[in-house]
Amino acid sequence: MNRLDETYLLLVLRELKTVGRYRLSAILQKPEGAVRGILRRYRQRGMIVSKPRKGVSLTAKGLQKLNQLLSDLSIGKTQVIKGKMLGVGPENVLLHIKDKGHQVKLGVEQRDAAVAAGARGALILVYKNRILSLPGVYRDIARDLGLERNLLGGIHTSENDVLAVSFAEAWWKAMRGGIAIAESLS
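With this note's numbering as the guide, the letters of the sequence shown map in order to residues 249 to 434.
Heads up, a few of these hints could be off.
[Said to hold, decoys possible] Derived DEER-like restraints, expressed as beta-carbon distance ranges:
(1) A274 <-> K353: 29 to 37 Å
(2) Q312 <-> V267: 17 to 25 Å
(3) G281 <-> V356: 36 to 44 Å
(4) L311 <-> G268: 18 to 26 Å
(5) G294 <-> A274: 20 to 28 Å
(6) D360 <-> V328: 19 to 27 Å
[Claimed, not checked] Within a straight-line C-alpha distance of at most 27 Å, the following computed DSSO-like cross-link-like pairs (lysine-lysine) qualify:
(7) K313 <-> K325
(8) K309 <-> K265
(9) K325 <-> K265
(10) K346 <-> K309
(11) K265 <-> K278
(12) K376 <-> K346
(13) K325 <-> K309
(14) K325 <-> K376
(15) K346 <-> K325
(16) K299 <-> K265
(17) K265 <-> K330
(18) K278 <-> K302
(19) K299 <-> K278
(20) K302 <-> K265
(21) K309 <-> K278
(22) K346 <-> K313
(23) K330 <-> K302
(24) K265 <-> K313
(25) K353 <-> K325
Read the hints as simulated data drawn from the structure, not as lab findings. Bear in mind that the values here come from a model prediction, so they are computed numbers and not experimental data. Every residue gets a Cβ at the ideal spot worked out from N, C-alpha and C, and that includes glycine.
From just these sequences and the hints, can you work out the full model?
See the structure below:
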């Protein structure tokens with residue numbers, strides 16, 4: 249399993265707390281037999297635990313692995329946002345990607361990575377000179393649209409950070425798109 253897929257699987261497990269194999273198969277868009285094999289390997293490594301008739305959950309070891317993967321991708325925080333945000337949606341995921349703003353030109357490459365991973369689209373915002381902007385399109389978007397409190401609630405941005413808002417029909421597709429954005433910046 250590659251880093252994108254592993255990070256995605258562990259994030260889905262963290263968000264859902266407990267999930268059954270059939271639902272996980274639908275979310276991962278993989279055959280049930282393949283998901284059973286993946287889960288068996290993760291269970292053998294002590295990263296998940298199975299609960300009969302309930303599904304699987306992350307263990308402390310699984311959460312530790314997820315945190316390491318997120319750190320490797322410079323992801324500081326992930327946040328699922330239900331409903332439309334900035335006129336996009338219907339499901340959104342916000343990822344705070346630390347110190348990668350210098351790699352964003354217009355954000356097109358990152359948006360394309362999100363779409364290739366299954367998202368409908370993405371907005372890439374860069375924090376530079378105390379301003380949150382949409383590169384090449386809009387300067388100081390947070391102030392002008394009054395987003396600072398709504399968008400940044402609980403996120404402390406530093407110079408050169410990226411806020412990626414990935415959107416899709418389902419939060420897990422948006423999450424996969426967000427992880428692909430972080431992967432494109434690593």
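Consistency of the hints with the structure:
1. A274 <-> K353: 29 to 37 Å: holds, 36 Å
2. Q312 <-> V267: 17 to 25 Å: At roughly 19 Å between Cβ atoms, V267 and Q312 fall inside 17 to 25 Å, so the hint holds.
3. G281 <-> V356: 36 to 44 Å: holds, 38 Å
4. L311 <-> G268: 18 to 26 Å: holds, 20 Å
5. G294 <-> A274: 20 to 28 Å: Holds: the Cβ-Cβ distance is about 26 Å, inside 20 to 28 Å.
6. D360 <-> V328: 19 to 27 Å: holds, 22 Å
7. K313 <-> K325: With Cα atoms ~15 Å apart, K313 and K325 stay inside 27 Å; holds.
8. K309 <-> K265: holds, 15 Å
9. K325 <-> K265: Distance ~17 Å between K325 and K265 Cα, so the pair holds.
10. K346 <-> K309: holds, 24 Å
11. K265 <-> K278: Given that 27 Å is the threshold and the Cα spacing comes to 20 Å, the pair holds.
12. K376 <-> K346: Cα-Cα ~12 Å, so holds.
13. K325 <-> K309: holds, 19 Å
14. K325 <-> K376: holds, 19 Å
15. K346 <-> K325: holds, 9 Å
16. K299 <-> K265: holds, 12 Å
17. K265 <-> K330: OK: K265 and K330 at ~18 Å, within 27 Å.
18. K278 <-> K302: Given pair K278, K302 holds - Cα atoms ~20 Å apart, limit 27 Å.
19. K299 <-> K278: holds, 21 Å
20. K302 <-> K265: Satisfied, since the Cα-Cα distance of roughly 11 Å is no more than 27 Å.
21. K309 <-> K278: Holds, at about 24 Å.
22. K346 <-> K313: Answer holds: K346 to K313 is near 19 Å, not above 27 Å.
23. K330 <-> K302: Between K330 and K302 the Cα gap is close to 25 Å, so the pair holds against 27 Å.
24. K265 <-> K313: holds, 16 Å
25. K353 <-> K325: OK: K353 and K325 at ~22 Å, within 27 Å.
No hint from the list above goes unmet by this structure.
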